[in-house]
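J.: One-letter residues, chain by chain:
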Amino acid sequence: MSKGFNNTYTRHSSEPGVNSAKVIYWSSITRKLRWTLLIILILLTLITLNTGPGRLSDPVSVSKGMIPDLIEIKEPKVHGRLSSGNAFTFAAEQGTIADKGNNELVMQDLDAFYNLDKNALVRITAQTGKLVQSENRLWLEGEVIAEHSDGRKIKTQAVEIWSGSNGIIARGSGLAKIEDPSITINSRGFSIDTATQKVLLKGPISMRGNQN
Amino acid sequence: MKVYGAVILLFALTALTHPSNAERFLPSGDSSISLDAADSVEWDQKKRTFLAAGKAVVSRGDLILKANKISANYRDGKDKKIEIYQIIAEGNIEIKNKEDRATSNFAKIDTDTGSIILSGKNTSYWNKNIKLIANEEIEYHTNDQRAFARGGIEISTASEVIKAEEVVYDLEQQFAEVFGNIRITRGNNVLLGAMASFDFKSGISRISGSNTKNPSSSGRVRGVISPQGKP
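Same order as they appear, the protein sequences are chains U and V.
Okay, so the first sequence: first residue is 4 according to my numbering, each after it adds one.
Okay, so the second sequence: first residue is 1167 according to my numbering, each after it adds one.
Mixed in with the good hints, there may be bad ones.
The calculated lysine to any residue pairs, modelled on SDA-like cross-linking and capped at a C-alpha distance of 20 Å, are [stated by the list, open to error]:
#	chain 1	residue 1	chain 2	residue 2
1	V	K1232	V	Q1211
2	U	K201	V	Q1211
3	V	K1221	V	G1286
4	V	K1235	U	D112
5	U	K205	V	G1286
6	V	K1212	U	A161
Using C-beta positions, here's what the derived DEER-type ranges look like [unchecked claim]:
#	chain 1	residue 1	chain 2	residue 2	range
7	U	E146	V	E1338	45 to 51 Å
8	V	G1317	U	K180	43 to 49 Å
9	U	E146	V	G1257	49 to 55 Å
10	U	S176	V	T1351	42 to 48 Å
11	U	N89	V	N1258	22 to 28 Å
12	V	Q1311	U	D153	39 to 45 Å
Since the hints were derived computationally from the structure, they do not count as laboratory data.
Everything numeric in this text was worked out from a predicted model, so none of it was measured.
Here a beta-carbon is modelled for each residue, glycine too, at the ideal position from N, C-alpha and C.
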């Protein structure tokens, strides 16, 4: 695939016997703009996660006459804002949009930033991130690391994040290492519920720290 | 009788929450605290509680607290750091440091009142010199330096076994009082009474047939003294 993805895409056909066909299409400026706007609109829908508007930093083009089942995007970047007003940015090496009735955006080598209150920042990196708009869920897998600007850090293998009735719920499975300037926690999974303000660590758990 | 040995461990308990007291028991510079749990740890930020379940172990230096469940209540301390003011442990509790060990089914440590309560079945304390068993509870108040043990008490040393219903010990005065159905056994010698006192400063001990806590009870001190050595 060409480096310049603005006008390049990979189409995976659903027709039998045609698994994948790479088509490079150069459209007229008018058509390109029209499809670009359409794709941006789709992506905006995908990333909202009940959170508010977001936008791709770079547009993409698609074939004329049909919307492909699957669109691969090189180095996608998504900007948005949570319903709370906090801004976020998703950047990835590669992204895939799949319309399987549930609107999925899959990102490889994800690097996400969330601006929190009082100038605090959370950075999340993962090998894979999957956003499913129909379920309001985000899955992160493979070397998931969440770092808070205050020095706290969570390392784990898989995290599922979704919108609950009153807040955000995050559930991590597998080994998790939580590091704080004063304490280090190892557990076999965790859950965080912002509505109930409960953090649950699953055992076996070890916490090592310095009280002072 | 050296009841004061029992309070060493109770002092040590406060090391979990009072770093100043910890200096007495922990190596200098070692203030690290650790927690292990087999099942789960829950942090409720609304209720301001921690709950560790399943073979929970809290340790700091040589001091170790084990229980089926350990919960802690906290509040904001200096610099908004978490300040734990109460710890409650339940089920198969074991507390130990280098020299002392205690067991119980329930423990409550309150740093505001400076009290430590061990209660339930298997409430006991021992070190190399003494073993204390209490069917109801062992209680220690750091503020006034007093310790209590209640219910079916048995104190064993290398030379004596003392049974009673209640023990009150004043650490500052080094003075202990023992109440109710007292039975002091030393070898083949047995003394029975209702109340006894032990002054560790003067070395004077007294045993009485009357219990000041129960005026209706009056009686005499009885004893069986066996001659020393073979006849």
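J.: Hint by hint, note whether the structure agrees.
T.: Hint check:
1. V:K1232 <-> V:Q1211: The given pair, whose Cα atoms are some 24 Å apart, is violated under the 20 Å limit.
2. U:K201 <-> V:Q1211: Holds, at about 6 Å.
3. V:K1221 <-> V:G1286: holds, 18 Å
4. V:K1235 <-> U:D112: violated, 41 Å
5. U:K205 <-> V:G1286: violated, 29 Å
6. V:K1212 <-> U:A161: Given that 20 Å is the threshold and the Cα spacing comes to 27 Å, the pair is violated.
7. U:E146 <-> V:E1338: 45 to 51 Å: For E146 (chain U) and E1338 (chain V) the Cβ distance comes to about 59 Å; the hint is violated.
8. V:G1317 <-> U:K180: 43 to 49 Å: holds, 46 Å
9. U:E146 <-> V:G1257: 49 to 55 Å: violated, 38 Å
10. U:S176 <-> V:T1351: 42 to 48 Å: violated, 60 Å
11. U:N89 <-> V:N1258: 22 to 28 Å: With a Cβ separation near 46 Å, N89 (chain U) and N1258 (chain V) fall outside 22 to 28 Å, so the hint is violated.
12. V:Q1311 <-> U:D153: 39 to 45 Å: Holds - the Cβ-Cβ distance for Q1311 (chain V) and D153 (chain U), about 41 Å, lies within 39 to 45 Å.
Of the numbered hints given earlier, the model fails hints 1, 4, 5, 6, 7, 9, 10, 11; all others are met.
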